[in-house]
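Please put together the full structure from these sequences, using the hints given.
Chain by chain, the residues:
2 protein chains.
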Amino acid sequence: MSDISTIGEFGLIKRLTSDMKLKNTSTRLGVGDDAAVLAFGGKQTLVTTDMLLEGIHFNLEYVPLKHLGYKAAVVNISDICAMNATPTQMLVSLGISKRFSVENIEELYSGIRLACEHYGVDIVGGDTCSSLTGLTISITCLGEAKDSDIVYRNGAKENDLICVTGNLGSAYLGLQLLEREREVLRANPEGTPEFEGKEYLLQRQLKPEARLDIIEQLKKAGIRPTAMMDISDGLSSELMHICKNSGVGCAIYEDKIPIDYQAAVLAEEMNLNIVTCALNGGEDYELLFTCSLSDYEKLIPIEDVYLIGHITKPELGMNLIGRNGEQIGLKAQGWQAFE
Amino acid sequence: MSDISTIGEFGLIKRLTSDMKLKNTSTRLGVGDDAAVLAFGGKQTLVTTDMLLEGIHFNLEYVPLKHLGYKAAVVNISDICAMNATPTQMLVSLGISKRFSVENIEELYSGIRLACEHYGVDIVGGDTCSSLTGLTISITCLGEAKDSDIVYRNGAKENDLICVTGNLGSAYLGLQLLEREREVLRANPEGTPEFEGKEYLLQRQLKPEARLDIIEQLKKAGIRPTAMMDISDGLSSELMHICKNSGVGCAIYEDKIPIDYQAAVLAEEMNLNIVTCALNGGEDYELLFTCSLSDYEKLIPIEDVYLIGHITKPELGMNLIGRNGEQIGLKAQGWQAFE
Chain A
40 MSDISTIGEF GLIKRLTSDM KLKNTSTRLG VGDDAAVLAF GGKQTLVTTD
90 MLLEGIHFNL EYVPLKHLGY KAAVVNISDI CAMNATPTQM LVSLGISKRF
140 SVENIEELYS GIRLACEHYG VDIVGGDTCS SLTGLTISIT CLGEAKDSDI
190 VYRNGAKEND LICVTGNLGS AYLGLQLLER EREVLRANPE GTPEFEGKEY
240 LLQRQLKPEA RLDIIEQLKK AGIRPTAMMD ISDGLSSELM HICKNSGVGC
290 AIYEDKIPID YQAAVLAEEM NLNIVTCALN GGEDYELLFT CSLSDYEKLI
340 PIEDVYLIGH ITKPELGMNL IGRNGEQIGL KAQGWQAFE
Chain B
40 MSDISTIGEF GLIKRLTSDM KLKNTSTRLG VGDDAAVLAF GGKQTLVTTD
90 MLLEGIHFNL EYVPLKHLGY KAAVVNISDI CAMNATPTQM LVSLGISKRF
140 SVENIEELYS GIRLACEHYG VDIVGGDTCS SLTGLTISIT CLGEAKDSDI
190 VYRNGAKEND LICVTGNLGS AYLGLQLLER EREVLRANPE GTPEFEGKEY
240 LLQRQLKPEA RLDIIEQLKK AGIRPTAMMD ISDGLSSELM HICKNSGVGC
290 AIYEDKIPID YQAAVLAEEM NLNIVTCALN GGEDYELLFT CSLSDYEKLI
340 PIEDVYLIGH ITKPELGMNL IGRNGEQIGL KAQGWQAFE
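Protein sequence lines, in the order shown, are assigned to chains A and B.
To get my numbering, take the position in the first sequence, counting from 1, and add 39.
To get my numbering, take the position in the second sequence, counting from 1, and add 39.
One or more of the hints may lead you astray.
Here are the simulated DSSO-like cross-link-like pairs (lysine-lysine), alpha carbons at most 30 Å apart as the crow flies [said to hold, decoys possible]:
no.	chain 1	residue 1	chain 2	residue 2
1	A	Lys137	B	Lys137
2	B	Lys283	A	Lys53
3	B	Lys259	B	Lys337
4	A	Lys60	B	Lys196
5	A	Lys82	B	Lys258
6	B	Lys283	A	Lys62
7	B	Lys53	A	Lys352
8	B	Lys283	A	Lys60
Stretch-level coverage of chain B by chain A, calculated; a stretch enters the list once three of its residues show a Cβ under 8 Å from a Cβ in chain A [as the list claims (entries may be wrong)]:
no.	region
9	89-95
10	117-125
11	159-171
12	177-185
If you are wondering where the hints come from, they were derived from the structure by calculation, not from laboratory data.
Here the structure is a predicted model, which is why all the values come from computation and not from measurement.
The C-beta atom is built at its ideal place from N, Cα and C for all residues, glycine as well.
The structure is reproduced here in structure tokens:
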């Protein structure tokens with residue numbers, strides 16, 4: 040394993056970014072000058088950023104570096120998708136402690152590059168520096184969209200349909216599983232973690248995907264959502280953002296929230312309420328969106344989109360309708376950045 | 040002092056970003072959705088990012104938080120200027136340990152906002168999260184320019200003039216001064232640091248400025264540099280980048296390198312070679328640029344621009360011509376990110 044000081048910052052950047060092919064015509068200049076140069080023509084430019092810190096957002100005891108890189112990229116790509124836009128460019132900044140070798144950082148970066156390949160994103164810059172403690176990843180993602188295509192949080196209207204993609208709670212349960220097995224391994228280092236039949240949950244936690252596919256299908260079907268977010272902090276929390284920003288209320292149905300079979304089994308096993316996991320778990324990176332009732336027919340054929348409720352008058356508040364018709368006030372209890 | 044957990048992430052973001060007025064017509068949407076929306080019309084978009092880590096890039100023992108914020112913003116703004124572009128938008132991500140109160144972070148952010156005010160930059164997004172250890176600042180800055188105005192590192196031609204702005208080595212000497220006085224204070228906590236007559240050096244280290252003024256003056260004078268960088272790692276290092284990328288050599292004259300009087304005095308006092316400080320010190324954030332010999336007449340009236348040498352054939356290498364005409368090979372010994 041090579042010590043990073045042997046190749047220096049420029050050597051490291053060269054190793055990490057060599058052979059990168061630029062995929063977007065809007066990328067005029069990538070890595071290698073003071074700034075990247077982008078040409079978006081008549082389109083709008085979208086930009087988002089996310090920071091991941093070791094010990095806060097990830098634990099290298101059970102997250103492989105390549106997966107971590109993939110996820111760090113996807114989290115940002117997902118934010119661009121959530122604006123109904125196409126991700127195009129990325130800047131990657133890394134703060135690296137002495138614990139990490141050149142090969143470690145290459146592994147991390149290979150995950151970032153894999154995600155960028157998959158979603159057609161160009162890496163156009165960044166910063167690398169040493170850190171006293173742990174690994175810090177800060178990623179900025181740019182995207183493009185026609186002005187009229189961009190979807191904000193504030194456009195939900197009364198009677199709009201509320202939809203989510205995929206299923207919810209799986210990423211959270213994947214994390215619970217990883218933490219449980221880590222404890223088991225700590226108690227008995229000779230043991231083997233029990234992941235059989237639960238691989239999907241691990242995948243959802245370790246290698247989430249951004250729903251660019253849904254964005255493309257909605258466009259093809261001629262649907263422009265009225266409001267949209269990606270579900271990073273939990274369905275309740277994101278719904279609250281949309282309702283607050285749009286000045287509306289909502290009603291969602293407990294039995295309509297899509298839950299994966301493996302998630303339901305593990306929740307039962309761990310004595311967790313699966314609906315609570317789905318509402319507050321976070322990290323699923325699925326899309327939550329609202330659209331006009333008139334889009335209903337166009338919406339139905341789209342695979343992996345689930346109708347979970349509708350937008351109401353603001354004075355009705357945010358409600359979950361239980362399996363027996365009971366109405367429960369929704370609270371955002373999503374992931375807290377500061378505890 | 041308020042614990043950040045009492046107001047949470049959204050509360051903190053609200054406190055930090057309230058009352059921000061958007062200054063650029065290209066800023067369509069700032070903080071408050073998954074991504075910011077920018078409209079650059081026919082212009083090119085520039086984007087750069089920098090990460091600052093406590094204990095590596097700054098020491099809060101002698102750097103006030105407001106200055107740190109100002110500098111963190113300026114470092115990025117300077118990168119946009121170095122492309123001959125106008126800085127327009129910024130994203131600010133902060134990793135914050137429990138040691139910091141809401142008021143601390145507001146102070147840091149007030150410095151960032153002051154710099155953005157000063158340079159006409161809109162803060163359009165970011166991320167805040169808790170960190171296990173120390174403070175992490177990651178800033179991304181966007182800018183705009185006409186395609187034909189953008190200046191890269193690779194355009195220097197034989198016989199071009201080599202120019203720098205301001206003076207060099209002062210920021211490095213300001214750091215030496217701060218470190219010296221910290222040691223004195225540690226040995227004698229009753230003492231007072233001796234900064235009299237050296238205030239300018241402190242200012243250069245603690246509150247550097249980006250040379251947007253020079254960019255504007257060059258434009259007004261009708262000069263488009265052939266290559267340009269900002270001097271963050273030291274003149275030698277940046278010159279090496281320009282020569283390498285442009286496939287040329289250079290000759291600069293020791294007695295032409297602009298040095299501030301206070302810097303020269305302190306270097307003498309501390310037994311440091313002032314030319315070495317100027318060549319390798321870094322953090323001055325002045326501009327280094329090359330331009331055509333035919334721009335000479337237009338260049339002379341511009342204040343604070345100094346002609347220090349000229350571009351040569353590549354086979355002549357990079358040389359410093361000493362006061363007695365002796366020729367010394369230049370090496371890049373700038374700041375090392377990994378040691």
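In terms of beta carbon proximity below 8 Å, does the region 117-125 of chain B have 3 or more residues touching chain A?
-> Coverage by chain A holds here, the residue count being 5 at a Cβ distance below 8 Å.
Proposed proximity, A:Lys352 with B:Lys53 (alpha carbon, max 30 Å) = Cα-Cα ~26 Å, so holds.
Decide if the proposed pair is consistent with the structure: A:Lys60 and B:Lys196, CA atoms, cutoff 30 Å inclusive.
-> Within the cut-off at roughly 28 Å; holds.
Keeping to a limit of 30 Å between CA atoms, is the pair of B:Lys283 and A:Lys53 held or broken?
-> holds, 15 Å
Coverage of the region 89-95 of chain B by chain A, judged on three or more residues with CB within 8 Å | holds (count 6)
Assess, step by step, whether the Cα of B:Lys259 is no farther than 30 Å from the Cα of B:Lys337, and give holds or violated.
-> holds, 10 Å
Is it true that the CA of B:Lys283 sits at most 30 Å from the CA of A:Lys60?
-> Holds - the C-alpha atoms of A:Lys60 and B:Lys283 are around 22 Å apart, at most 30 Å.
Go check the region 159-171 of chain B versus chain A for me, would you? Three or more residues, Cβ under 8 Å, otherwise it fails.
-> holds (count 9)
Would you check the hint for A:Lys82 and B:Lys258, treating anything up to 30 Å between C-alpha atoms as holding?
-> Distance ~27 Å between A:Lys82 and B:Lys258 Cα, so the pair holds.
Hint consistency between A:Lys137 and B:Lys137 [alpha-carbon to alpha-carbon, up to 30 Å] | The hint holds at about 24 Å.
Would you check the hint for B:Lys283 and A:Lys62, treating anything up to 30 Å between C-alpha atoms as holding?
-> Holds, at roughly 26 Å.
Do at least three Cβ atoms from the region 177-185 of chain B come closer than 8 Å to Cβ atoms of chain A?
-> Our answer is that it holds, as 5 residues pass the Cβ test (under 8 Å) against chain A, meeting three.
Checked against the numbered hints listed earlier, the structure breaks none of them; every hint is satisfied.
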